[in-house]
Amino acid sequence: MPQVMVVARNFMDMVAALPAAKLDMLYDSAFICEAVLRSLPPLAKKYALQMLYVSAPVAAAAMEEWVLDEYAAKHRVAIDRLLQLRVFVEVRDRRKEVSYKMNQKFQGNMQKYLVDGGSLPREPIPSSVTARLPTLAELESFALEQWECFLLQLINSSQVERGTSFSSSMMRTFQRGLLSSRDGEAPRLTENGFQFLLMETNAQLWYIMREYISSAEERGVDPTELISFLLELSFHTLGEAYSLNTLTDVQRNAIRDLAELGLVKLQQGRKDSWFIPTKLATNLSASLSDSSSNKEGFVVVETNFRMYAYSTSRLHCEILRLFSRVEYQLPNLIVGSITKESLYGAFENGITAEQIISFLQQNAHPRVADKIPAVPENVTDQIRLWETDRNRVDMILSHLYEDFPSKDMFDQCCDYARDHGCLLWEDAKKMRLIVRVEFHSEMREFLRRLR
Amino acid sequence: MVNAIKGLFISCDVPMAQFIVNLNASMPASDKFILHMLDPTHMFVQPHVADMIRSKISEFRDQNSYEKPS
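As you go down the protein sequences, you meet chains A and B in turn. Going by my numbering, the first residue of the first sequence is number 2, and it counts up by one from there. Going by my numbering, the first residue of the second sequence is number 43, and it counts up by one from there.
These are computed hints drawn from the structure, not numbers from a lab. Any given hint could be a false lead.
Restricting the straight-line Cα-Cα distance to at most 27 Å, the calculated cross-link-like pairs of lysine-lysine (BS3-like) are [said to hold, decoys possible]:
| id | chain 1 | residue 1 | chain 2 | residue 2 |
| --- | --- | --- | --- | --- |
| 1 | A | LYS408 | B | LYS48 |
| 2 | A | LYS341 | B | LYS98 |
| 3 | A | LYS341 | B | LYS110 |
| 4 | B | LYS74 | A | LYS430 |
| 5 | A | LYS75 | A | LYS47 |
Computed Cβ-Cβ distance ranges for the label pairs, DEER-style [stated by the list, open to error]:
| id | chain 1 | residue 1 | chain 2 | residue 2 | range |
| --- | --- | --- | --- | --- | --- |
| 6 | A | ASN392 | B | LYS110 | 25 to 33 Å |
| 7 | B | ASP104 | A | ASP382 | 35 to 43 Å |
| 8 | B | PRO111 | A | PRO43 | 54 to 62 Å |
| 9 | A | PRO367 | B | PRO82 | 25 to 33 Å |
| 10 | B | PRO111 | A | THR238 | 33 to 41 Å |
| 11 | A | ASP382 | B | LYS110 | 21 to 29 Å |
| 12 | A | ASN305 | B | ARG96 | 30 to 38 Å |
| 13 | A | ALA370 | B | MET94 | 57 to 65 Å |
| 14 | B | ASP73 | A | GLU212 | 48 to 56 Å |
| 15 | B | MET69 | A | GLU355 | 33 to 41 Å |
| 16 | A | ASP382 | B | PRO57 | 16 to 24 Å |
| 17 | A | THR238 | B | ASP104 | 30 to 38 Å |
| 18 | B | MET69 | A | ASN305 | 37 to 45 Å |
| 19 | B | LYS74 | A | ASN392 | 22 to 30 Å |
Predicted model, so just to flag it, every value in this text is computed and none were measured. Even glycine gets a Cβ: it sits at the ideal position worked out from N, Cα and C.
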């Protein structure tokens with residue numbers, strides 16, 4: 002079983018992990034405050050808005066009375082989140098009682114935002130200057146194409162036809178952790194890489210953004226600036242052109258990298274050049290659970306384990322090849338079947354049955370998507386059974402203790418091991434005890450003390 | 043004096059347990075690895091045979107599969 006699961010964490014978790022000083026700098030921008038507010042759990046949002054115009058600290062005990070007793074846990078979660086993001090600041094008075102005050106900068110900016118509405122540091126360029134803006138559909142296909150190209154590069158670095166404009170250092174950054182290359186060999190996908198391919202697009206985007214930001218320091222770019230720029234980007238209007246002149250150098254470099262991934266489209270006019278945010282960029286501040294991908298599914302799975310994928314994309318073919326046996330590839334259809342051997346191949350690569358099943362369910366063709374269940378139960382059950390078949394035998398390194406001089410000693414040892422959760426087997430008749438190997442030295446100590 | 047023996051605690055289902063017992067019986071006397079048979083689904087074996095048991099089980103599993111020639 003894979004030890005490591007690729008966790009697609011929300012952008013906000015990354016923001017919350019920043020040191021306090023940097024977080025305060027981030028709150029200079031009203032957009033970041035707004036984005037942070039949007040990402041809070043519902044109860045936390047309510048608290049933030051309630052405290053918006055309250056300047057004195059409110060006692061924690063008073064806040065606890067705002068919820069009914071049975072929701073105390075949710076209250077705790079909300080308060081913790083607010084503290085983590087430094088929206089609320091803890092204040093202890095002389096009597097050591099805790100009360101919460103809203104972060105000054107956050108408060109000031111949010112109040113202004115409420116009143117003014119907030120304006121981006123740049124305006125869209127009037128259409129008299131921009132020759133011909135791509136339509137929303139063209140933008141969508143551009144973004145999809147770029148993203149697929151990137152993912153295809155991940156799968157087979159040698160077979161991508163289009164000469165990629167990805168700078169090699171960027172590719173390395175993006176693929177760190179997903180590809181492992183040994184000298185002299187072509188880079189191979191790691192376990193994380195396989196799981197990454199089966200994730201939803203939004204989840205994949207988050208993962209890449211996280212890698213991009215964490216590697217920013219190595220490239221000499223301040224990650225806070227990058228985060229604030231990315232959050233600002235998500236507030237731009239989809240499909241409108243914004244001039245490149247309004248960006249700082251750091252932001253300009255970032256825009257070039259983002260264009261390669263398909264988040265923005267760069268265009269050149271006669272005098273100016275501008276960028277157009279695509280759907281991928283405007284979705285950046287939405288949380289993972291809220292995202293409703295309106296991408297149409299394309300896979301039909303039948304009860305005889307055959308799979309029909311209505312897609313022309315090479316990326317889809319490669320992904321399906323990961324866990325199924327592709328039999329025919331027609332101009333608009335990929336026919337394959339899910340076999341034990343193909344699944345075993347996938348399990349060897351570190352993909353879990355749950356990931357395969359959720360991939361099939363998320364990408365179910367609209368004709369079968371409304372059926373319950375979207376993927377036939379015999380197929381999902383069989384995939385899970387095949388997975389558990391690989392580990393039918395459970396082996397634990399342990400020590401066996403026997404030849405106890407008295408029943409009393411045996412019982413005491415049993416209880417000692419059981420209290421520490423290390424008892425694997427006890428046989429009272431033969432007076433034998435099996436304990437985990439990590440516990441052996443402690444057991445020896447215990448026996449020595451007893452004697 | 044209490045004796046401590048290092049080994050591997052195996053828990054599995056009944057068919058797998060019988061498979062391992064059979065494997066044990068087929069080994070020459072010096073290589074027999076089962077130290078104690080605890081109950082139909084648990085046993086205590088020597089520590090070094092973990093990989094050998096796993097490879098024999100996957101061999102057994104592969105014997106039962108058929109791959110359609112492509």
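Do the hints match the structure? See the list:
1. A:LYS408 <-> B:LYS48: Roughly 22 Å separates the two Cα atoms, so the pair holds.
2. A:LYS341 <-> B:LYS98: holds (18 Å)
3. A:LYS341 <-> B:LYS110: holds (11 Å)
4. B:LYS74 <-> A:LYS430: holds (25 Å)
5. A:LYS75 <-> A:LYS47: Cα-Cα ~12 Å, so holds.
6. A:ASN392 <-> B:LYS110: 25 to 33 Å: With a Cβ separation near 26 Å, ASN392 of chain A and LYS110 of chain B satisfy 25 to 33 Å, so the hint holds.
7. B:ASP104 <-> A:ASP382: 35 to 43 Å: violated (22 Å)
8. B:PRO111 <-> A:PRO43: 54 to 62 Å: Holds, at about 57 Å.
9. A:PRO367 <-> B:PRO82: 25 to 33 Å: Given range 25 to 33 Å: violated, Cβ gap about 50 Å.
10. B:PRO111 <-> A:THR238: 33 to 41 Å: Hint violated: Cβ distance 56 Å, outside 33 to 41 Å.
11. A:ASP382 <-> B:LYS110: 21 to 29 Å: At roughly 22 Å between Cβ atoms, LYS110 of chain B and ASP382 of chain A fall inside 21 to 29 Å, so the hint holds.
12. A:ASN305 <-> B:ARG96: 30 to 38 Å: holds (32 Å)
13. A:ALA370 <-> B:MET94: 57 to 65 Å: violated (47 Å)
14. B:ASP73 <-> A:GLU212: 48 to 56 Å: At roughly 50 Å between Cβ atoms, GLU212 of chain A and ASP73 of chain B fall inside 48 to 56 Å, so the hint holds.
15. B:MET69 <-> A:GLU355: 33 to 41 Å: The hinted range 33 to 41 Å holds for MET69 of chain B and GLU355 of chain A, with Cβ atoms some 38 Å apart.
16. A:ASP382 <-> B:PRO57: 16 to 24 Å: Because 20 Å falls inside the window, the suggested range holds.
17. A:THR238 <-> B:ASP104: 30 to 38 Å: Violated, since THR238 of chain A and ASP104 of chain B (Cβ atoms, about 58 Å apart) do not stay within the stated range.
18. B:MET69 <-> A:ASN305: 37 to 45 Å: holds (42 Å)
19. B:LYS74 <-> A:ASN392: 22 to 30 Å: Distance hint for LYS74 of chain B, ASN392 of chain A holds at roughly 25 Å.
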